[in-house]
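Working from the sequences, and respecting the hints, build out all of it.
If you read the sequences in order, they're chains G, W and L.
To convert, note that position 9 of the first sequence is 9 in the numbering used here; the numbers rise steadily by one, no gaps.
To convert, note that position 112 of the second sequence is 112 in the numbering used here; the numbers rise steadily by one, no gaps.
To convert, note that position 54 of the third sequence is 54 in the numbering used here; the numbers rise steadily by one, no gaps.
Here are the computed lysine-lysine pairs in the DSS-like style, where the Cα-Cα straight-line distance is at most 30 Å:
#: 1; chain 1: W; residue 1: LYS175; chain 2: W; residue 2: LYS123
#: 2; chain 1: L; residue 1: LYS69; chain 2: W; residue 2: LYS123
#: 3; chain 1: L; residue 1: LYS69; chain 2: W; residue 2: LYS84
#: 4; chain 1: W; residue 1: LYS135; chain 2: W; residue 2: LYS18
#: 5; chain 1: L; residue 1: LYS69; chain 2: W; residue 2: LYS166
#: 6; chain 1: W; residue 1: LYS102; chain 2: W; residue 2: LYS175
#: 7; chain 1: W; residue 1: LYS135; chain 2: W; residue 2: LYS62
#: 8; chain 1: W; residue 1: LYS175; chain 2: W; residue 2: LYS57
#: 9; chain 1: W; residue 1: LYS175; chain 2: L; residue 2: LYS69
#: 10; chain 1: W; residue 1: LYS18; chain 2: L; residue 2: LYS69
#: 11; chain 1: W; residue 1: LYS123; chain 2: W; residue 2: LYS84
#: 12; chain 1: W; residue 1: LYS123; chain 2: W; residue 2: LYS18
#: 13; chain 1: W; residue 1: LYS166; chain 2: W; residue 2: LYS102
#: 14; chain 1: G; residue 1: LYS92; chain 2: W; residue 2: LYS84
#: 15; chain 1: W; residue 1: LYS84; chain 2: W; residue 2: LYS166
#: 16; chain 1: W; residue 1: LYS166; chain 2: W; residue 2: LYS135
#: 17; chain 1: W; residue 1: LYS102; chain 2: W; residue 2: LYS135
#: 18; chain 1: W; residue 1: LYS62; chain 2: W; residue 2: LYS128
Hints listed in this document are in silico derivations from the structure and should not be mistaken for laboratory results.
All figures in this text were calculated on a predicted structure; none of them were measured in a lab.
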Amino acid sequence: MAGTAVLRPVTWRSARVVGLRDETATARTITLVVRDWPGHIAGQHVDVRLTAPDGYSAVRSYSIASAPNSDGRIEITVERLPNGEVSPYLTKELMVGDDLELRGPIGGWFVWRRGQTEPIQLVAGGSGIVPLMAMIRSRASAGSFAPFRLLYSVREPGAVFYRDELQALSDQDHSVIVTYAYTRVTPKDSPRPPGRIDAMLIAAGTWPSDLGPTSYVCGPTSFVENATDLLIAAGHGRENIRTERFGATGERK
Amino acid sequence: MAIISRGFAGRRSAAEAKLPPGQYLTTDFPVLSAGPTPHISLDRWEFTIDDGSRVLKRWDWKSFRELPSETITVDIHCVTRWSKLGTSWEGVSLDVLLADVKTDSPYAMFRSYGDYTTNLPLKGVLNKQAWVAFKFDGADLAPEHGGPARLLVPHLYLWKSAKWVKGMTLMEHDKPGFWEGLGYHIYGDPWLEQRYSDQ
Amino acid sequence: MSAPMNYLDGNAAGGELSRIFAMDITSAEGQCANCGAKRRFAEAHLYVQCPGLVVRCTHCGHVLLRLVKTHQHVFLDLRGMTYLSVDAAQQEASN
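Rendered as structure tokens:
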């Protein structure tokens, strides 16, 4: 097995929109059937390319939200950014039946493989939940018993993606434990005032470092740096923390 | 053959103003950078002109700000295709900075805090074509836009307007800077759409 | 902190770089030619808000890799890395 590298070029493929589902007031999940899809690992992303009739194109990366499967279908969840160029199109214009170009799956480091058995700590900031949800879904569809905890930071309750599904998972399967952190507006019954993740929340809402978990932190860069620093201060080794930063990716020609 | 995305137009909007080819108008001010924003304290800041072996001129912030400056309104064009019209700056002209410098060197490499460099012919920065700017829109130039001071060369693509500029090295022969050495055009005139070296 | 953090990480460059490398280098280990630090490519700091793509060492800030796409060429500068090491067996999408 060792030494047999399979070098698969990552080329643009066409994908057809077969489903659209609103997650929140500003985010939508898009279901795509992808031509010749090779399958993916939870945590990977795709690059989506839009081309205007005059040839102008824009490329953006979106994490795959769905669990690995063999039916050539993936889901991505797109948040509409106020000054976005691509996200308003994907969340408002795109219709079932439209075609998109995408490239992927991409990413070999920020992934959770079904053979992993160690405790997993997921830390999500805003739309950073998307690749982590793919990991949670991958665990469920594989029937894995790996203990998972999710610390999910959002601005306010209406911004939570996949709330019902997360609720059902944590109700039925007590080894997926979900803790929410609200940074601007909390629900009425919240025990904490609104605020960023801090050392107290890490202590109360994440696996202790002596369990040897692998942590995955995803969200805007400043969120990832803050959460990573807190995990390290709580005793986690940097080599056990994997990160993925989301942010403005600028123009492409 | 790319798939055309039905109904996608991108960020561009129709502009009545005349723009260089391939540009679109923006009303905001995108922040582009190849690295972290340096934070330079004014008591450390310097601008030097050297010839590769000797320093010919040096200003600290105090002496730099005592030089005559001017307010200019110019259009700026970024190679990533956005253009911003009627931007207002205050700065010291390169004509003032090079006034007492006797040189036959036709070229200069401008150097910034951080590791950015860009090359320019002296003919392209003299005669009211370039400034070391320290104010934008009447206020001190913000760090993410190149403050305390940046080079401003509005007649060329904005990558030539080196942010966080700290000096210039006079050169006998033209040598490519940070982007010019990796595929961008050695000169960069937006009106001739000189974006890349392979055109 | 007052200034927004203007970088992403090597994950976001995986697609672009796969055009040149014909494989995914995000899980590759790279060594910085300036300070010798060895890190995963996915964890390096990526600057894309500029006329190209610039990857920097998280330890010393030196440029590890730069990429520019012109109309006809892709220019790649790899001088900032002593090496990139890829786990050959893991290039297969395995779950």
